[in-house]
Structure formats: C-alpha cells, structure tokens
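*Asks:* As they're listed, the protein sequences go chains A and B. For reference, each letter of the first sequence is one residue, going 1 to 423 in my numbering. For reference, each letter of the second sequence is one residue, going 1001 to 1423 in my numbering.
Among these hints, one or two may not hold up.
As the list claims (entries may be wrong) - Taking lysine-lysine pairs in the DSS-like style, the calculated list, with each CA pair at most 27 Å apart, reads:
1. B/Lys1026 - B/Lys1383
2. A/Lys26 - A/Lys383
3. A/Lys383 - A/Lys28
4. B/Lys1383 - A/Lys26
5. B/Lys1383 - B/Lys1028
6. A/Lys28 - B/Lys1026
7. B/Lys1026 - A/Lys26
To be verified - Covered stretches of chain B (in silico footprint by chain A; criterion: 3 or more residues with CB under 8 Å from a CB of chain A, positions within the stretch not fixed):
8. 1060-1069
9. 1075-1087
10. 1132-1146
11. 1259-1267
12. 1276-1284
Since the hints were made in silico from the structure, they are not lab data. The model shown is predicted, which means the values in this text are computed figures rather than measured ones. Heads up, the beta-carbon is just placed ideally off N, CA and C, and yes, glycines get one too.
2 protein chains.
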Amino acid sequence: MRNTHSQVTHEDARRYEERFAVRARKIKASAMRDLMALAERPDVISLAGGFPDMELFPADVFQTVMDAVRAEHLTTALQYGPTEGLRELRERIVQIMAHERATATVDQIMITSGGQQGINLSVRSFVDPGEVVIAEGPTYPGAVPPFTTYEADVVHIPMDDDGMIVDELEPALERLRDEGRRVKLIYTIPNFHNPAGVTMSLERRERLIDIAHRHEIMVVEDNPYGQIRFDGEPLPSLYELDEGRGWVVYVSTFSKILAPGLRVGWVAAAPPVLRQMNLGKQSEDLCSGTLNQRFILEYLERYDWRQHVARLNEVYRTRRDALLTALEEEFPASAHWTRPRGGLFVWATLPDYIDTQDLLARAIDRNVAFVPGGAAFLDGQGKSSMRMNYSQLPPTVLTEGVRRIGEVIAETTELFEGLGGVR
Amino acid sequence: MRNTHSQVTHEDARRYEERFAVRARKIKASAMRDLMALAERPDVISLAGGFPDMELFPADVFQTVMDAVRAEHLTTALQYGPTEGLRELRERIVQIMAHERATATVDQIMITSGGQQGINLSVRSFVDPGEVVIAEGPTYPGAVPPFTTYEADVVHIPMDDDGMIVDELEPALERLRDEGRRVKLIYTIPNFHNPAGVTMSLERRERLIDIAHRHEIMVVEDNPYGQIRFDGEPLPSLYELDEGRGWVVYVSTFSKILAPGLRVGWVAAAPPVLRQMNLGKQSEDLCSGTLNQRFILEYLERYDWRQHVARLNEVYRTRRDALLTALEEEFPASAHWTRPRGGLFVWATLPDYIDTQDLLARAIDRNVAFVPGGAAFLDGQGKSSMRMNYSQLPPTVLTEGVRRIGEVIAETTELFEGLGGVR
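Using the sequences provided together with the hints, build the complete structure.
*Replies:* Shown next, in the form of structure tokens:
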C-alpha cells in the first residue's frame, strides 16, 4: 500500500496551524533562506546569498587533511563527541580569537553547529516571550527566526558609517525601562556588519560596554566576518572590552574562514552561561559533527589558516571594488550605499518611492537577485534598501548583475515619474 | 591584557540564573550526556553509552567515498546547502524508509542534524508551556531536555514486553481531558525501545493509531534502531498505519546504520508540518552539514548499506548474548531484565530497596558505569532500574562489566539485609 500525503488539504493545513505552539506560529522565516532556492537557478545572477567562494578551497588540501583524519582518527571522528566539542579544537579557537583581539580560555569555549546555533542558543537561553532584544537596524536577517520564535520584542537602534549609533542606545533603554519592559540582550555585529557593511568604532564599542555594565544587560557579539578584512587592523572585541566581567557572549564560525558546509562555529561566554547553552545544545543536536571538527583540527595543524584567509581577502577585495564601481555607474544619483572594508555585503538605499520587495520581483524577471532591506528589520523599516553580496561571483558577473538591477531601478523611476511622482 | 573569566563568582552565577529565560531554567540535562565524560575515562567499562561500534566502519570504504566527494562534489560539499537537505539524499531516504515499512515521498522528508534535532523540532513546533506530552515509561533520556525546555508536562504510559501498554493510553487521555489539560504529542519508540529494549506489537500499533485519529493527537514515532534487528521481520511503522492522514511525525537517523559523528538524521511528516519544522531548523542551524550529507549519498551509491548493517547486527547479536548470559550469572534472582531482539540496550530492574543512582556511585568506584533508570522518567519512577548498552564493547569486556555491577549489587543487598531489610 502506498500512502502519499496527497490527502492533506488546505483544511488539514489549518488543522496543524491550530495545533502548533505559539512560538511556532510566531516564527518568521529568514528571507535569505527563502531566496536560496531561487539563487540556485543557474540562470540567475544572485547577489542575494551570503556564500563564501568555495572554489578557493584547494582540493589537494582537502585530500591531505582527510587522509590524515582517516589514518589517525577515523573511529573517533565517526563517533558521537562531547556536547561542548573536541577540546583540542576549543584550544585552537582560543588562538584564533586572539587574532580578533578577543582573549578567552578553553573553558569559555563551546563548539556550535555554525554561528547560527550560537545566536539561537543565546536567544533561547535568555529571552522570555515579550522581553526586549536590542538589535542594530538593519540587523542580520538570519537572526530574525530566533528572535521571533522565542517571541522577543526587537527594538532597532539605527546605524551610520561607524556602526550602531550608541548615543541612541541609552535613551532607548531608559524609555523601555519607563515603559516597564525588560531588556534581555543587545545583539550586535561590530565588524563588517551583515547587512550594513560597516564597522563599529572603538569609541562606540567602549561606550556600548559601559552602558551594558551600568544597565546590567547581556551583549551578544556576533563576529563571523572579522577576519574577512581588506585593510586596517582589528579593533578590540566587545568580549575583550568587557574585561572578564561576563556580560558578553561572543559568537563566531569557521564558515567564512574555512567552509560553511562543515557547520562548525563556536560561542565564548562565562562558564555559567556556557553550562546553560550546553544544555540547550544537548536538546537541539547532542553535539556538532565530530568528523568536521576533526577535519578542521587536522587542517589547522598542517596549514596556516591566516594565509588561506589572506588569499580569500585578495579575491573578495577585487570583487568588492567591482561591485562598488558598478554601483557608481549603474545606480541613480539619488541612491547611496556603504563602502565595506571587509565582510561580504554592501547595503544600498534607494529613493523612498522604490519598494525593494517589488523591485526584486522585477529583478528576478531579469535573472538577477538581491535581499530586500525589509528582511533586516522587524518593524517595517528598510523597504527602500537592499543587501548585495560580492564574495561568490567574479567581477564581470557582479558588474552585469548590478547593470540589470540598475535597469529595473531606472524603469521603476520612470514609472513613478510618469505617475506624477516627484523625484 | 589577558582577561580570563576568573572574576566570575558564585554571586555571578546567581546573576545569570536570574537572567535566564524560564525555558532555560527548566531544562533538565540528559543523564547520558553527563555520563559521557565519565565513559571516556579509559579505565571505565562503560555500559552507559548508546554508541555504535565505529571500529566496524571500514577505513578503505571511507577513503573511496571521500575521494569521490572530493573529485566530483567538493565545492558544493563545502558550501551551505538547502535547509531541508540535499534532494538526492532525501530520495535515498525514501528507499531506506521502505525497508522500515514506512512509505513516504520526497516532499515529506527533511534532513536534520541527527535524530535529536527531529525530536527537538517536534516538541518546539507543537508544545506550549504546560501542555502534555505522552511518553512511554521509561522514555528516551535524550528526549528529556526537549521536553523540559519547552515546558511540556510529561505523562508516562507504562510498558511491558510488547511495548507501550496502549490499553492504558485512552483512559489517560480521557482523564487528562477531564482535568482540562491539552495533550499535544504522543512520543514513542516502537522498535527496540531505548532504554526498554522491547518492540511494540502490531495490535498495539494499530490501536495507538486508532486512538490518535479519534482523539486527534500528533504522534512522534522515533525509529533510530529499526534496522538493528537480530531476528524477525519489521512490523508496519506507525507512519504507514496512519495511511497518509498526517498524524504521525517519523524521526530517524544515519547514526546507527552508518555513523553518529556525521550528525545526519531526518524527519518525515506531512508537508505543512515539515514547513513549520523547516522554519525551526533555519533558526537552529540553517542547514545540516553538506559534506556529511554528500558523504552519505556517495556511500549509498557505491555500497549496499543493508550488507553493512547485517554485519553490524551479527556483531551486536553476539554482544547482546554475552550481556544476557552474564546477567543470568551475575545478577540476583530478584532482578529481571528485557531480552531485546534488536537495538542497543537492555533494561534491568532490581529489587525496590536498591537505588541505581547510589549503585552507580559505587559502580564507578569499580570502574564500571550504566545509566540509572531515573534518567528515563520525569516523574521520579525508575529508581531501581538501569540501562545497559552492549553495542560498543566485546563480549569479554561486557562480561567483566556485568560481573562488577553484580558485585556492587551483592554488596548493597548484604548491607540492606544487615540493616534488617527484607529481601
């Protein structure tokens, strides 16, 4: 007997809807994931992804490392591992964090299944329904599902070229306190922000930590892009500026410096916080992939990861330049955009009368895609903004993609002006 | 400046405690995970784990498969993948499920990060705080963290040699309804139950599905061990008996048939349920490891997984026999235990006056470990029971382990009798 679920009708869908938990009914998808299927169509030039370019990972390196895993560690690499991750890898992560000006000890590190799990565990561990999470506006679209599923009330703090405008943070905290709302987390991406492309200044970092200390609020510092740096030197991390007082949870990943398909990231936090997150991880997936952890460990023992990242950065810098040049040529004078010195993204803002969600529909007809800005806000802002990625495509393709987007912008502008709109 | 979190004191720990979300404060660890560190001590004979024996995975097979991944799919294997998993692997899973008498279509399958994520997503998607989950008593200790973090009220239904005593299910549902409590899920492991070691009879399966249909309650069928079968033929799955009416979520994994270190499992469910779980997975980890999915796919294309599993089963059968023989010889006549026809575990129950948590402390002094039965209940039952695993150790070591446990039982009994207790 073959039973397919062909009998499941719209009525059935309602049946489930009524049975889902409140947190499930409230969850909002990340726009990026919805766009992923689209981005996979080979005819689409997708600036929508946040993918590193895995063509840059050498096949011979993969072979050497995997041979070492097989020869020396196969049985344990295929077995369950500890929830907190392999100790040797956690020791290596301490060293990697030092290059980000974040000083941690091995007992402050837990391996996660990508940086995403670090974000999810942070929200899950701290936020009760209706409590407030402060986030930059725009914020990482991938943080939207954790925020919404744990029913956080997200309050955005605006950004400029120096990152979150921390001057607006304290008045917001005071207003929220006066309204009787409890702020549980401040979620921030200080380096090469996704999607905004900007970096928080040192002064603002110090100010942010001072505010967190005085108001006694946990900070989640999400730092997946710190090493994807085209010039300049790293600023001290918020984790460092906290001076061991335990108010910062640091989240990072091997996704951008090695490979996202391994799904290995980490969290650094005070041990009591880590113990709580360990329980959360036991619930979610028991442990992260042991084979992948071992692969990274054997890689780090044989190769200089900073040299690999330097090579990535050279390639990405050229691509960023190509994207910025194309924007100058193809986007209208009324548009403005960020000029990232690292990371993977440019954030552009078009005139108010252009809705980038509508623009995307037209763009897809021209086989080009980006992330509409509304995906990076929980309060309806961002409707005229867009995120563009430059890490995965060669300069000529990026240029062609921007040319196509420029075309649909021009058409939309003409249409608006034809309807009597004022430019 | 080095800042270690050395300043974090007990007072700080209380500070966090006060800040954690309710779900975080309510989560209970899985006893198995706590025991894992212990089990790793090389001098301990651990019957506590639930580990398959990865020595049985051939290194040359690993090499052949990984070479194929590198030669043909390296770039995509290292990249992010779709949240629902690689389509080709989902197609393979449809075939694997057919061997478990579970008929699904590819649109009913989502890849998860181990079976654990399937359990977690099920509870997260359906259960609001205070709602009831029905589970066997004992139930899988690894399900305790999802149950507690999502604040489910767990009601156990007792078991016998034919699995959950389904006759007691309907009166329990009626009682709960009369008390105004909402039952959201029935969680069950019909095949080679962990920890009970028994299999649900066909009659009870049919009865359970009939009850689920009449009471309109979702069933989570957790089936990680169905293929670890020493004799007999598979019974129809609950997923099959549901006849496509969409009341069953089927959870399984490659952990026992291939390797747990890959962290690849799956869920089969009606598409509206799967869409909801997909959102949950976006929040938790974006996608499961792409490299590991590709590894499994290339393995399945080159080797007969059923032949590999047949070899595992031969080895595990011998070990089960050794454990059962040792129990006959070393355990007191007042003890009784299950005789599993598959899976990884034997469940033993000792006289009432023996608390297996206390017994474990003494056993560890003798360098032997097991899981105390209380870990498999949320209501204080199971205090005189214990779970023993036989899949990871050779017969001689299993025999020695049971001999040591038998010794501490005998000592405890003597102590009890010396105190005037009645045997």
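*Asks:* Hint by hint, say whether it matches the structure.
*Replies:* The hints, checked one at a time:
1. B/Lys1026 - B/Lys1383: Given that 27 Å is the threshold and the Cα spacing comes to 21 Å, the pair holds.
2. A/Lys26 - A/Lys383: Holds, at roughly 21 Å.
3. A/Lys383 - A/Lys28: holds (17 Å)
4. B/Lys1383 - A/Lys26: violated (40 Å)
5. B/Lys1383 - B/Lys1028: It holds: about 17 Å lies between the C-alpha atoms, which stays within 27 Å.
6. A/Lys28 - B/Lys1026: Roughly 25 Å separates the two Cα atoms, so the pair holds.
7. B/Lys1026 - A/Lys26: holds (22 Å)
8. 1060-1069: Three-residue rule met by the region 1060-1069 of chain B, so holds; n is 4.
9. 1075-1087: Since 9 is at least three, the answer is holds.
10. 1132-1146: holds (count 3)
11. 1259-1267: Per the Cβ count (5), the hint holds.
12. 1276-1284: holds (count 6)
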